[in-house]
Amino acid sequence: MTNNFWIDIGVNLTDSSFDKDREQVIDQAYEHNIEKLIITGTTVEESHQAIELCQRYPNQLFCTVGIHPHYAKDHSTQQFESLRSLYKEDCVVAVGETGLDFNRNFSTPEQQVLCFEKQLEMASETKLPLFLHERDAHKKQIEMLQSHRDDISAAVAHCFTGTKSELYNYLDLDLHIGITGWICDERRGQELQMLAKDIPEDRLMLETDAPYLIPRDLKPKPKSRRNLPLYLPHIAAKVAELRGTTIEELKYQVQINTQHFFGLGDTH
Numbered sequence: 001m002t003n004n005f006w007i008d009i010g011v012n013l014t015d016s017s018f019d020k021d022r023e024q025v026i027d028q029a030y031e032h033n034i035e036k037l038i039i040t041g042t043t044v045e046e047s048h049q050a051i052e053l054c055q056r057y058p059n060q061l062f063c064t065v066g067i068h069p070h071y072a073k074d075h076s077t078q079q080f081e082s083l084r085s086l087y088k089e090d091c092v093v094a095v096g097e098t099g100l101d102f103n104r105n106f107s108t109p110e111q112q113v114l115c116f117e118k119q120l121e122m123a124s125e126t127k128l129p130l131f132l133h134e135r136d137a138h139k140k141q142i143e144m145l146q147s148h149r150d151d152i153s154a155a156v157a158h159c160f161t162g163t164k165s166e167l168y169n170y171l172d173l174d175l176h177i178g179i180t181g182w183i184c185d186e187r188r189g190q191e192l193q194m195l196a197k198d199i200p201e202d203r204l205m206l207e208t209d210a211p212y213l214i215p216r217d218l219k220p221k222p223k224s225r226r227n228l229p230l231y232l233p234h235i236a237a238k239v240a241e242l243r244g245t246t247i248e249e250l251k252y253q254v255q256i257n258t259q260h261f262f263g264l265g266d267t268h
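Mapped onto the working numbering, the consecutive letters of the sequence shown carry residue numbers 1 to 268.
Simulated from the structure, these hints should not be mistaken for lab results. One should not assume that every hint holds.
Derived pair list, reagent style DMTMM-like, types lysine to aspartate or glutamate, alpha-carbon separation capped at 20 Å [stated by the list, open to error]:
1. Lys251 x Glu31
2. Lys127 x Glu110
3. Lys238 x Asp217
Label pairs and their calculated CB-CB ranges [what the hints assert, rightly or not]:
4. Asn105 x Lys221: 28 to 36 Å
5. Leu171 x Leu114: 26 to 34 Å
6. Pro222 x Gln78: 35 to 43 Å
7. Asp151 x Asp90: 20 to 28 Å
8. Leu114 x Leu218: 23 to 31 Å
9. Asp151 x Asp202: 32 to 40 Å
10. Glu143 x Glu248: 33 to 41 Å
Since this is a predicted model, take the numbers as computed values, not measurements. Glycine is no exception: its CB is placed at the ideal position from the N, C-alpha and C atoms.
Please model the entire structure based on the sequences and the hints provided.
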């Protein structure tokens, strides 16, 4: 591939904060050499919306399809049948956002486990990779992943902010690691900054998680607190600095990783 570009693996483009300027946000990303965006699906309804958006921007937008643990309480047989049909769409590149979140427990742990189990089975059926969320539930999440890992093609720990032992637990399962602007936070991101070098170069991917997690060290600080895909190169610069590599070397490596992981080759 002669043309190196950025790919943002986690953008919540269906979020209402983008209702007034969604097209402009996509165009700005492209102008900043972020040529592909992967929209995060968190409910059946939002996954539908993500697919509709992708179909308007073929080869530029892709999406995940799934039920976030916050919404696990709403899951039903009918919803899973809807998901199953959505996985057949060409723009759908992963199962998720799925996983466990025992921090807020918007859905009970029992509901989350049932919903996650079903999506692990779907990843096994479809051979699509997993786009994973986890908060304060690492032990249970690892346990469930271990029992399914042989049947799953690949998985990424989206927005990783964990400890060294949690990082190595994921790497022991051959997971990829998604890094966000959390790494630019001088308060909360210190541990992640120290772990940046520990992520194997072929396991690293980058994301903004826009509109959330705007990098705290942006200068000048945007008037809006909304994160945008166009800030991905800023996050990448911090990662490159911490890993002791050049921005161009990092861009080349994460592009290869991401295209291979999500199947974004010449077939799309």
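Next item on the list: Give me the numbers of the hints this structure contradicts, sorted from smallest to largest.
Entry: Structure breaks hints 2, 8 and 9.
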